[in-house]
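Residue numbers (the working numbering), protein chains in the order written: chain F, 8 to 288; chain Y, 8 to 288.
Hint data in this document are derived by calculation from the structure and do not stem from the laboratory. By construction, the Cβ of each residue, glycine as well, lies at the ideal position given by its N, Cα and C atoms. Hints should not be assumed to be uniformly reliable.
[Stated by the list, open to error] Per label pair, the in silico range of CB-to-CB distance:
id	chain 1	residue 1	chain 2	residue 2	range
1	Y	D179	F	D241	36 to 42 Å
2	F	P141	Y	A46	42 to 48 Å
3	Y	D117	F	F276	44 to 50 Å
4	F	P141	Y	G118	49 to 55 Å
5	F	D60	Y	T185	19 to 25 Å
6	Y	R73	F	D273	52 to 58 Å
7	F	P22	Y	P259	56 to 62 Å
[To be verified] To give an idea of the interface, some chain Y residues facing chain F are shown, with a C-beta separation under 10 Å as derived from the structure:
id	residue
8	I15
9	I18
10	G118
11	F121
12	T134
13	G149
14	W180
15	G184
16	G215
17	F221
18	N226
19	R254
20	Y261
21	E287
There are 2 protein chains.
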Amino acid sequence: MQRMSDLIAEILESPEVASKKASVVGIGIGSPGLVDQKAGTITRPVNIPNWEDAVPIKKIFEKRHRLPVFVDNDANACGLGEACFGAGRGKSVVVALTLGTGVGGAIVVDGKVFHGAKGYAGELGHTCVDPEGPPCACGSLGCIEGYASANAIARYATELVAQGRHKSWLVDWSRDGTPITSKMVYEAALKEDSLALRVISRAGQYLGVAVSNFCVALNPEVVVIGGGASAMGDLLFDHVRREIDMRVYFSPYYTTPVCRAQLGEDAGFTGAACLALSGEN
Amino acid sequence: MQRMSDLIAEILESPEVASKKASVVGIGIGSPGLVDQKAGTITRPVNIPNWEDAVPIKKIFEKRHRLPVFVDNDANACGLGEACFGAGRGKSVVVALTLGTGVGGAIVVDGKVFHGAKGYAGELGHTCVDPEGPPCACGSLGCIEGYASANAIARYATELVAQGRHKSWLVDWSRDGTPITSKMVYEAALKEDSLALRVISRAGQYLGVAVSNFCVALNPEVVVIGGGASAMGDLLFDHVRREIDMRVYFSPYYTTPVCRAQLGEDAGFTGAACLALSGEN
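When you get a sec, could you build the whole thing from the sequences and use the hints?
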């Protein structure tokens, strides 16, 4: 937080801002954890220990920088960025997913994040697609995060390789102890590696079940998928599209396009800027 | 449609309306099938054959009655009725489910049905909770409709009885060929019948998986459950609540209440009236 705050101070003191060539309307923050957008607090970001109590990040930054501060969940910020300036531009209802360490999600309606009653909506990565599936860090079982995150893809490939019964480029590439990554799975799949293709089809099918659920519940105009594993593109997405075709009963009348995010690592801060520009909590 | 239209004409010609004691602002219709709310058309209601093409119900009724007509899906109308005048009254985000022949669903946000991009949102009964589950009439597999509708509950009880290995009131009550209904399952469960309790716990657990998915995606303020099988009340709902407690990672901070619908069979036409009162398509 200190580093973030110092960087903001640097920008505010820059010649562009000082000379009013650029004007600053506010500060937007995308943060991990449970975010209360109105109160501007963050609770229990899974990967930062000792943040059990709500941290009043909005108040802290407003006090130092004397500008309005807007806070949202990091996945919501990514989704908002893609919906406003990326692959969801101009679309009314956007479902955005990020396949990274976990699976982040956001629902954006008419250019605004859908927050639900208390601000916790959009946690699409914890959609259960198998009630008895593998345990998830969130406490549930069979979350889509356990099948389609970059980590889950790497983990399943590692399990299959460890069985020692398959011929695969991944066996060769990991023989010296190199940990298998989702990028390696993708590279092997490009060489028509059966094991890698099997891993990707499993991830894509489960992801497709979850996306089909979002389609029937939310009828989005587009589903935008970003994050590390989205680099696999159609190799992964075609499985998702097949599940939609099979499962979503209105798909003959209205098929939901599934496409790759466009902003890459810029999605999060683009969305955080959108929060500040919208001027709404 | 002729009968509906004649009934409307009867009301419009009634002394109350003719004497202006009651004023009529419009006609609201809740219909099965794929409804295009803006165009006012209905396509492919599953239980009415030969409606493959879009039927312009709005235009037909407006022409005869010379009043604005508002059309929505029947499940959306039920959910809207409950959200505005029933168990969801005063709540910001309401997820409504109807456990009848199938499982109907609706998402109501600030007193309005959430329609998604093309009007097909809210088909929550076709949330998949097991990718390899039983085939559903919609073409998918493992939809919650196949586990938690009144029909599915009766069907599963019938299957267990047919195995002929269990002692149960349902065995006795169906010996003369009486078909088992979800109401009979409930009545047996009230007598602590193990088979009936098993059937209800299975339905409640799968339903709880789906409801947990709605909680993480939509963070509703309340989940309202109606329809025939909702008569089971806490006997069914306690399983749903347990799944939410276990699966929804923010449930220690914010637990979503699950409660029974209040309007019974009036929910649909109450919601249809809300459509007309809102004056929006």
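*When the least beta-carbon distance from Y/G149 to chain F is tested against 10 Å, hint result*: Constraint on Y/G149 satisfied, holds at 8 Å.
*Satisfaction of the Y/N226 interface hint, Cβ to chain F closer than 10 Å*: holds (3 Å)
*Grab the minimum C-beta distance from Y/G184 to chain F and call the hint holds if it beats 10 Å, violated otherwise.*
Y/G184 check fails; min Cβ-Cβ to chain F is 34 Å, beyond 10 Å.
*Supplied distance hint 36 to 42 Å, evaluated on CB atoms of Y/D179 and F/D241*: violated (58 Å)
_Satisfaction of the Y/I15 interface hint, Cβ to chain F closer than 10 Å_ = violated (29 Å)
*If you take the shortest Cβ to Cβ gap from Y/I18 to chain F, is it below 10 Å?*
violated (33 Å)
*Starting from the range 42 to 48 Å, see whether the pair F/P141 and Y/A46 falls in it by beta-carbon distance.*
Holds - the Cβ-Cβ distance for F/P141 and Y/A46, about 45 Å, lies within 42 to 48 Å.
*Falls inside 52 to 58 Å, the C-beta gap from Y/R73 to F/D273?*
The hinted range 52 to 58 Å holds for Y/R73 and F/D273, with Cβ atoms some 55 Å apart.
*Minimum Cβ distance from Y/G118 to chain F below 10 Å?*
violated (14 Å)
*For the range 19 to 25 Å, tell me whether the beta carbons of F/D60 and Y/T185 fit it or not.*
With Cβ atoms ~59 Å apart, the hint is violated.
_Satisfaction of the Y/T134 interface hint, Cβ to chain F closer than 10 Å_ = holds (5 Å)
*Would you settle whether the hint for Y/F121 is holds or violated, based on the nearest Cβ-Cβ distance to chain F being less than 10 Å?*
With a minimum Cβ separation of about 8 Å from chain F (threshold 10 Å), the hint on Y/F121 holds.
In summary, the structure is inconsistent with hints 1, 3, 4, 5, 7, 8, 9, 10, 14, 15 and 21 from the numbered list given earlier, while agreeing with the others.
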